[in-house]
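Protein chains: 2
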Amino acid sequence: MMPPFQIKFMPESRIIEAESGTSLLHAAAQAEIFIKSGCGSKGSCGACKVVVLSGEPLVIGTGSLTPEQLSEGVRLACQTMIQGDMTVEVPLESRLKEHQVLMGDVQKGILQESDHDLLEKFGHQPLATKLRISLSAPTLTENTSDWARLSMEIRRVLKTGEKPVDIPLSVLKNLPEALRKANWDVSVTLTDIDNGITVTHVEAGNDNPPYGLAIDIGTTTVVVYLVNLSTGEVVDQQGSYNKQAKFGDDVITRIVYAVENAEQLQEIRIAVVDTINELIDKILVRQSLTCNDFSAAVAAGNTTMTQLFLGVDPRYIRLEPYIPTMTNVPSIPAKDVGLHILPEALVHCFPSVASYVGGDIISGTMVTDLANGEDIILFIDIGTNGEIVLGNTDWLVSCACSAGPSFEGGGITFGMRAMPGAIERVVIDPETLDVALKVISKTLPVGICGSGLVDCLSKLLEAGIIDRVGNFQMGHSANSARLRATSDDKEFVLAWADQAGGGKDVVITENDVKNTIRAKGAIYAGIRTLLNMVSVEMDMISRIIIAGGFGNYLNVQDSVQIGLLPDIEEERFEFIGNASIKGARLALLSQNAWREAKELGQKMTYVELSVGPTFMDEYVSALFLPHTDFSLFPSCT
Amino acid sequence: MMPPFQIKFMPESRIIEAESGTSLLHAAAQAEIFIKSGCGSKGSCGACKVVVLSGEPLVIGTGSLTPEQLSEGVRLACQTMIQGDMTVEVPLESRLKEHQVLMGDVQKGILQESDHDLLEKFGHQPLATKLRISLSAPTLTENTSDWARLSMEIRRVLKTGEKPVDIPLSVLKNLPEALRKANWDVSVTLTDIDNGITVTHVEAGNDNPPYGLAIDIGTTTVVVYLVNLSTGEVVDQQGSYNKQAKFGDDVITRIVYAVENAEQLQEIRIAVVDTINELIDKILVRQSLTCNDFSAAVAAGNTTMTQLFLGVDPRYIRLEPYIPTMTNVPSIPAKDVGLHILPEALVHCFPSVASYVGGDIISGTMVTDLANGEDIILFIDIGTNGEIVLGNTDWLVSCACSAGPSFEGGGITFGMRAMPGAIERVVIDPETLDVALKVISKTLPVGICGSGLVDCLSKLLEAGIIDRVGNFQMGHSANSARLRATSDDKEFVLAWADQAGGGKDVVITENDVKNTIRAKGAIYAGIRTLLNMVSVEMDMISRIIIAGGFGNYLNVQDSVQIGLLPDIEEERFEFIGNASIKGARLALLSQNAWREAKELGQKMTYVELSVGPTFMDEYVSALFLPHTDFSLFPSCT
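Sequences listed follow chains A and B, in order. Residues in the first sequence are numbered consecutively from 280, following the numbering used here. Residues in the second sequence are numbered consecutively from 280, following the numbering used here.
Read the hints as simulated data drawn from the structure, not as lab findings. Where hints are given, some of them may not hold.
Any copy will do: because identical chains look the same in the list, a pair fits if it lies in one copy or spans two.
[As the list claims (entries may be wrong)] Derived DSSO-like pairs: lysine-lysine, alpha-carbon spacing no greater than 30 angstroms straight-line: (1) K400 - K438; (2) K783 - K561; (3) K452 - K877; (4) K882 - K438.
Just so we're clear, the structure is a prediction, and the values are computed from it rather than from any experiment.
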């Protein structure tokens, strides 16, 4: 066997060891440098460009790289295999940007008031509990079995009535020693769900609380909360990119990779399990806990993420008529999933509604409390897909519209996530076309995030730089150098190279604008289709709740100006951040909440937008700023 | 690595290959030749004598072998390690005799009427069922998930009401292909128990019935029934020695072996799982079935057998105050146990009452229907331990008395099981001491079985050869050559060498007689102690039901004459054969029966005989033929 080779990644100078035959894409992930991958390592998208500074790799494909690029050492990371020591530069544009993971409000140290209100409303009765039990030692005359002795006391203390108390074989195997070593004074960890109570751990008596994990499995990022199940407090949190990114940026590419064969399905499953485990391990160390302290986990993810997490082949999600294997997910012992928590602790995954309305949306819907009042509420989670839920206590409809990755920074020349260096506000002087920018963290701009893009479109339109279909007006009276044509496209310079973090002009192109219009058009058309479906008018909507990383920074006025969001009073809009993880926390802490989540999955009607002409008609009408039907946007002039 | 060596076992001339370092005891088991092992391979009991005819093994101990034996090539199989090719003779007296496994009445092709009566009484509602389901294929407008589509139809057909329908992850993973390959016409295997319904298998639609396995895990023998769960019919049966025999003949020796370390616990677990799997495999082949056709298993075994079967450390069963790990056993998927049946099929083990009143007794008690009437019934299972249950619908008490292995052929010079060549009846002329024998299968006698032993004691007493404490009367008036003294003991010749199958005199010694008196005394004392406990007189007992291999051939009059069984009318005795496997079949076929079994486990009071003086007093009084208190045996003269 060959020794592993040393691969040095620049500019970090980070060195890792990798085996011969490993692709640079994988090796970089090993070094915690996440390279974009749009095509699932097929060499076709060209997103994973790197520069080989030294070493002689095996190049198995060069895709559409030009001879010039090749001569400069540019290679595709997915097509470049290690066969010796190397030094490789990973340019900024090829990287998934540094962690920008939407943690929710605990970043600020507190949960929102409303989160506590909800817990109060559902009732604090967590999915796992701990019980301190003192038993009398057995004698010849009191000689019931270890398990009978323990379970009788549990039943007595909990007054379980008819609810059976079960014990898995693995816990049973350790029971005699656990009881005797603890001198019959033990702490028992219990899983308490509808079907019954299960003893998942028996250890020496202690008064530590039980902990649970809330997990948000996003396609791009994964967030974990450590929740004290006794107090409800979020004690710690961690987030990172989903390691599945190396198999492709979006769910479709990952499905294509996963269904190739059983090994690849397993590989992509392990990638997300590893991602979560690394976050857990960090929390373990920081909080001085052990795996056995984690007695339950609730995971929320879209349907594909959930199936991949559990190793369930996702092929039919992608093929018409788009059928997921399951919408209800069995609760599974952690040992069968591979999570670093108590082996018998149950891992609960939120149910889904359909292939493209997943557990993250159920979780978010629960947090909005949408299904418990008379008022009609619209809930939108904007990412690559825009998932939309509309309803109240009597009815619930949902749909998913493929918005494309624009709002998450994808398919936009200088697109990036909302993180330091991202332009989030744009001011354009209509006379001179001079630009003033607001950049996150007040650094030099390096790109533009989703909310910046919305603002930018609004301002480009206002300044007359684009027309209502997004065409650049090259004959603009200002005659500014910022508005220019290249060999490929027309573009507007938002920041000149000498004032930009990346050392080059930050621009928005006509193509970027058209992509953004398609994205906003898809979401607005989705909203309209749902409304039509249930014969609800815009003004009957009491509240519009917006979730997702994008939503957190969005300017409502701009969004209305470009026709992304309905033109209703600004006060009716609400931003909820990472609703998915909030719902996971809530479910951990409340059996009623978890029950509600499962009922939501049953109750919600899924509308397949590709059926019938409505959505397509709405979509075409929405490819206009703000809309071809101006009457829908009275506040837009 | 050394090549395996060839070991030839005589007189069969059976050759197997074995690695260097393997003991002859293990190698013989590999050759399906089961050698007695009383001490768990410690070299102390001397039961495993073999004769090395050729080859040079590594001898690590010789126990109490005499120089003369050693010079004749006699070795202890457990202390003799293979290090080259060998030829070894295994004498008859060192062998667990050829399979004599109590199959129950299906040997005769039918179940007893009463077995069917019981099923009718409990109701035929098996622990697993099959359902043929035809689904409509999904479309864009009917796009529920595969699992929702299937489970809705199951719920509709079964009218399950509130009972949840679950699916394990492994079945879920195969679901999409199973549905599509079958073109949406599938057969679904279901496990239906109290907690809910679980889908354990989905396959192309067919009309084959579901099958279940009833398993009797005896310390010595293992029996498996193949049961058609639709009709209740026992379709096939197989039995063999428990491969754990190589670790010792009785539960105590096996416990000692198992608790040494985790590897040995695993080794002894695998031995019984292998035993069962080989029986299953034979049935599979004979019936042209596959593992997936077996959708449930119910196993009945004593407490130690049950813990070893599941790999639960049995150490506290042996140590005062004799505490088993569990009396209620969780139902476990076959894949976790390692049985060759449907991986997700549940394996249900009968609950136990205490360390020495196990699941086999619960199973048998259920079959006697003891707990469902006003009449007081006494149930006795006689083996190495005598387990006794007394009660009616209002109360149930049980105990275990260590009878020793006499009735199973152990500790008796010519003891053997009830199989061809075993003496089962003895007639002795009181004048001449001439003997007439009845031998099973009418062959030449080679030994004496339990029922023969009971008869023999009765006749020895009647003929004045022994007195009421079992002392041989060497001055007997007949002055027969059959009654003789050896250097070790006094003995009576039942068959002369020239009329015996083994080529030597078949005798019963004074020591044999004393052992038998101790065994019968223990059982009778157990019965008396239980009766005292609940203030019940002998004549209040309506029926005495006797189970076990021994019981099947027992002569009631003889048993009463020697004081083994109470002196009540012969009509009140009943023999039930292998009650344990009958109960396992019943539980497979009836959820009510299985529920009753679990309730019996809760309801039955266990009496520890070593507490208080009662049992010991009774035991001492019973070391007399028939008893020191003649008033208890009015029919004995």
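Hints, one by one, checked against the model:
| no. | hint | verdict |
| --- | --- | --- |
| 1 | K400 - K438 | within (24 angstroms within a copy, 34 angstroms between copies) |
| 2 | K783 - K561 | neither (37 angstroms within a copy, 76 angstroms between copies) |
| 3 | K452 - K877 | between (33 angstroms within a copy, 21 angstroms between copies) |
| 4 | K882 - K438 | between (32 angstroms within a copy, 20 angstroms between copies) |
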